Amino acid sequence: MAMLQVQHLQKIYSTRFGTMRVQALRDVDFSVEEGEFVSVMGESGSGKTTLLNILAALDKPTEGAVFLDGQPLAGVPDRKLSAFRRDRLGFVFQDFNLLDTFTLRDNIFLPLVLARRPYAEMQAKLAPLAEMLEISDLLDKYPYEVSGGQKQRAAVARAVITNPSLLLADEPTGALDSRASMKLLEMFRRINENGQTIVMVTHSAIAASRSDRVLFIKDGVVFHELRREEQETDDSLFARVNEALTMLSTGRLVG
Amino acid sequence: MKAFFPRIAAVNLAGNKTAYLPYLLTSSVCVATFYIMLTFAISPEMARVPYATGAVMLFGFGTVIIAIFCAALLFYANSFLIRRRKKEFGLYSVLGMEKRHVGVVLFFETLYTLAASLILGLIGGTLLSQLLFGALSSLLSFDVVFSISFCDAAAIAACILFGGLFAVIFLYNLLHLYQASPVSLLHGEQTGEREPRASWILTIIGLAALGGGYTIAVVRTNAVTSIPDFFLAVLLVIIGTFCLFTSGSIKFLKALKRSKRFYYKPENFISLSGMLFRMKRNAAGLASICILFTMLLVTVSTTLCLYLGRESSLQQLYPTAVTAFGEASGADDVTEALNTAESIAQENGAELTRSLVFRSGTLVFTEQDGTLVLTQDGDEADHFVYATIVPAEDYAALSGEEVVLEPNEFLLASSSLSQDTVLSLNGTEYRCAGEADALNAVTQTGLAGMDMQFAMIVCRDAESLLTSAGGSLTGFNGYFDVTGGDEAETAFAEAIASSGCAFSYASSRADVAQEWYALYGCFLFLGLFFGALFLMATGLIIYYKQLSEGFDDSTRFAIMQKVGLSPEESRRAIRRQILLVFFLPLAAAALHLVFAYNIICNILLILGVTDRMLFACLCAATFVLCAAVYYLIYRLTSRTYSRLVRA
Ligand SMILES: Nc1ncnc2c1ncn2[C@@H]1O[C@H](COP(=O)(O)OP(=O)(O)OP(=O)(O)O)[C@@H](O)[C@H]1O
Ligand SMILES: [Mg+2]
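In order, the protein sequence lines correspond to chains L and F. Quick note on numbering: the first sequence equals residues 1 to 255 in the numbering used here. Quick note on numbering: the second sequence equals residues 1 to 647 in the numbering used here.
Source of the hints: derived by calculation from the structure; they are not laboratory data. Remember, it's a predicted structure, so these values are computed and weren't measured experimentally. Quick reminder that beta carbons are idealized off the backbone N, C-alpha and C, glycines included. Heads up, some of the hints might be wrong.
If you want the footprint, here are the derived chain F segments under chain L, 3+ residues with CB under 8 Å [said to hold, decoys possible]:
no., stretch
1, 268-277
2, 424-435
3, 486-496
4, 567-581
Straight-line alpha carbon distances no greater than 30 Å define the calculated DSSO-like cross-link-like pairs of lysine-lysine that follow [claimed, not checked]:
no., chain 1, residue 1, chain 2, residue 2
5, L, Lys218, F, Lys562
6, L, Lys141, L, Lys183
7, F, Lys254, L, Lys125
8, L, Lys125, F, Lys86
9, L, Lys125, F, Lys260
10, F, Lys17, F, Lys265
11, F, Lys99, F, Lys562
12, L, Lys141, F, Lys251
Construct the complete structure from the given sequences, taking the supplied hints into account.
This is the structure we're talking about:
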């Protein structure tokens with residue numbers, strides 16, 4: 001069975017007085033296998049962030065359901081939601097969301113501290129992770145003392161240190177220049193090779209071409225899907241993604 | 001178009017009302033307090049209040065202090081507001097509004113605030129002054145109750161003072177606006193969010209200052225120097241408090257942080273790092289709260305104690321209805337004065353119920369283990385005994401007892417010295433042969449173990465004893481009780497001072513009491529008045545602290561909730577943080593008060609209040625009451641904080 005199952009998601013935002021209704025998601029339906037690295041692409045306003053927020057249990061869908069390891073998210077009681085999110089999900093934000101009052105080390109420890117893990121365990125988990133993400137030397141610095149790419153890598157470390165079932169990333173390269181982006185994507189791939197399931201929202205075809213599968217969202221539905229062929233190179237996938245994007249925007253591609 | 005800037009200014013004020021409303025309230029209260037105090041100091045009605053000269057002077061003094069205090073408070077509040085709004089100003093510049101224009105908007109904002117506070121403050125002040133005048137009348141026990149009218153001189157002075165203050169504040173803000181680049185304005189709020197570095201030097205200075213202040217307050221028992229000592233101690237404690245709050249607290253928090261097991265617990269993790277980060281800015285606020293709160297406690301409890309102890313201190317100073325002094329030239333003066341007193345009483349149709357008349361000389365001794373030795377010039381003023389030497393024959397006359405004394409014996413009247421006291425003078429040891437009961441009533445009260453003790457010593461050959469010790473038997477004292485009430489006492493005092501006998505000065509207790517009570521009533525009034533002002537200032541500082549922390553923490557908590565902090569946990573962390581900030585200044589203030597207790601007692605002793613128990617109780621009561629009000633303020637303001645953080 002798939003690790004993540006998204007069934008007929010619908011999300012309607014209504015304004016406070018119910019006068020205006022925006023349908024952000026109409027009918028989103030897909031699933032993600034364990035160990036997969038999936039990208040989600042789509043135009044601005046197509047509902048990507050909305051989707052990710054629902055997957056992260058930060059928001060609730062109007063209709064439809066999300067299953068993580070077969071367990072429905074809607075079934076998690078509210079008071080356990082924080083703990084659930086902390087233990088089972090990792091989230092990487094576009095604008096890092098690191099706390100200026102903590103060093104990078106403490107920022108990364110935050111979910112573990114909240115889960116009341118012993119200090120020795122935190123240390124043991126951090127060391128290899130920091131090594132892999134190449135931030136070992138920066139751990140005692142504060143967020144305002146390091147570059148954007150370094151911040152984002154620390155944010156990734158914070159997201160995966162709890163060994164979450166699913167790592168969610170909302171335009172993680174959005175605030176980075178191309179070199180830092182490439183480096184971060186390299187990190188994502190390494191993490192994925194270690195068995196981490198990843199769902200990443202992105203605008204960039206390059207970023208998308210690093211993943212196993214690309215979902216295109218338009219008008220609130222999954223409009224198109226590209227899968228990496230056996231032994232297909234990044235460049236080849238990149239070309240196909242670009243092609244799909246052009247067709248999408250000119251409207252010649254029909255799901 | 002012309003009304004564009006004034007309108008923007010009005011919109012700004014309305015939009016920032018969570019921050020501006022307390023500011024407006026504070027400046028209105030400042031105007032009102034200043035107006036009231038000045039009205040009391042200069043209004044013609046006040047001058048007509050009997051015996052109010054001393055009190056009116058106190059009000060004049062109070063006006064000056066209030067003016068200074070208001071200036072400091074308004075500057076503090078303004079600096080907070082401006083820091084909040086830097087971002088807004090930066091945005092204006094980025095959007096293409098010239099600094100000149102922002103300046104014009106600022107000008108109108110200042111103008112509106114000034115006008116509103118003057119109007120509110122003067123209306124409130126006028127109403128309140130009526131009320132307070134009534135309260136004061138009853139405090140001073142005036143019989144005449146009349147109302148106080150609007151004092152235009154005080155109102156004009158308030159307009160000038162606060163107009164000037166706001167002008168300076170406006171210029172200060174303008175200067176800040178012009179100095180800053182738009183980018184730094186935009187990020188203005190974030191600056192200062194660097195991890196603070198605690199300096200060892202400051203911590204050591206703080207510890208030394210606080211230790212020094214406490215030591216002075218506790219160890220120095222010298223009543224004579226206690227007032228300068230007190231101010232020195234206050235200064236040291238203020239320095240110590242500021243240093244320790246700013247530097248010591250950071251050191252302390254960092255030490256806590258170093259303990260991994262303690263630090264990496266959710267409760268401590270969040271609040272410790274948050275506190276540490278904002279300690280630099282926070283610390284000054286917390287220290288101010290602590291100092292203000294201590295001042296509040298000291299002012300209210302001391303003035304209350306003085307007021308409640310006013311009867312007994314008057315009794316101390318005037319043990320009998322009429323007290324007279326003069327210069328004695330010989331033993332005949334006593335009989336002559338007694339006869340004069342008798343005839344004056346008769347002329348006035350009154351009866352003399354008590355008359356103690358005696359010659360005296362004063363010597364200052366130092367007490368060492370129960371032995372009194374003559375104080376040498378340059379001796380430390382420690383354990384001084386102020387002794388009044390009274391000739392045995394005078395004592396015999398006034399007491400009507402037969403006094404049998406050996407040459408090396410004396411009688412003693414003292415509230416603190418024991419009957420085993422030995423007097424060592426010119427190589428001779430004098431022993432105490434008994435109590436001089438008849439003089440007990442007119443002996444000033446001192447305290448054992450203190451440097452200010454009083455004794456009346458009756459001995460044979462007082463004149464030669466005094467001369468040999470460098471004194472002289474030239475003092476002439478009279479204590480009288482007469483029947484016929486206050487007026488008879490005053491008349492008697494006046495008559496005896498001008499009767500031509502050895503008394504040259506006399507005053508009646510009734511006469512002094514009015515002025516005395518007026519003074520102490522004003523003390524209390526001022527104490528409560530300032531207490532209220534301090535409390536308001538404390539409230540304002542707390543409020544602004546909560547507000548700025550709420551703004552800062554709301555983003556922090558939002559992020560943490562995304563990472564998996566449950567709402568319940570964040571509520572707990574917030575409560576914990578609030579509580580810490582709440583208790584720290586309060587606990588420090590209580591500690592200050594405990595250490596100040598001794599030295600304040602000494603000062604009260606000089607002012608004639610000997611009841612230490614009364615003062616201790618009043619301190620405790622004041623603390624409990626003020627802490628309750630403080631807590632209330634805290635609860636109200638922390639609601640603002642929680643609302644901001646949870647939003
Ligand atoms: N809280 C909200 N209330 C009302 N409408 C919302 C809300 N959040 C999003 N929307 C609307 O839902 C739609 C989808 O928004 P969403 O943020 O998911 O887009 P997105 O694909 O992430 O866009 P981008 O690529 O620009 O980040 C948009 O039309 C947006 O205006
Ligand atoms: Mg988005």
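Query raised in the report: Holds or violated: are the alpha carbons of L/Lys141 and L/Lys183 at most 30 Å from each other?
Result: Since the Cα atoms of L/Lys141 and L/Lys183 sit roughly 20 Å apart, the hinted pair holds (cutoff 30 Å).
Query raised in the report: CA of L/Lys141 to CA of F/Lys251, is that 30 Å or under?
Result: 19 Å, holds
Report task. Can you take a look at whether the stretch 567-581 of chain F is actually covered by chain L? Rule is 3+ residues, C-beta closer than 8 Å. Result -> Satisfied; 3 residues make the cut.
Report task. Below or equal to 30 Å on CA atoms is what counts here, so check L/Lys218 against F/Lys562. Result -> 27 Å, holds
Query raised in the report: For the stretch 268-277 of chain F, do three or more residues have a beta carbon lying closer than 8 Å to a beta carbon of chain L?
Result: Coverage by chain L holds here, the residue count being 5 at a Cβ distance below 8 Å.
Query raised in the report: Has the given pair, F/Lys254 with L/Lys125, been kept, meaning a C-alpha gap of at most 30 Å?
Result: 25 Å, holds
Query raised in the report: Hey, L/Lys125 versus F/Lys260, does the alpha-carbon distance stay inside 30 Å?
Result: Between L/Lys125 and F/Lys260 the Cα gap is close to 16 Å, so the pair holds against 30 Å.
Requested in this report: Quickly compare the C-alpha distance for F/Lys99 and F/Lys562 to 30 Å and report which way the hint goes.
Outcome: Given that 30 Å is the threshold and the Cα spacing comes to 39 Å, the pair is violated.
Query raised in the report: Count the residues of the stretch 424-435 of chain F with a beta-carbon closer than 8 Å to any beta-carbon of chain L: does the count reach three?
Result: violated (count 0)
**Report entry** Agreement of F/Lys17 and F/Lys265 with the hint, judged by alpha carbon distance not exceeding 30 Å
**Finding:** 38 Å, violated
Query raised in the report: If you draw a straight line from the CA of L/Lys125 to the CA of F/Lys86, is it 30 Å or shorter?
Result: 42 Å, violated
**Report entry** Given coverage of the stretch 486-496 of chain F by chain L, tested with a Cβ cutoff of 8 Å and a minimum of 3 residues
**Finding:** violated (count 0)
Of the numbered hints stated above, those contradicted by the structure are hints 2, 3, 8, 10 and 11, listed in ascending order.
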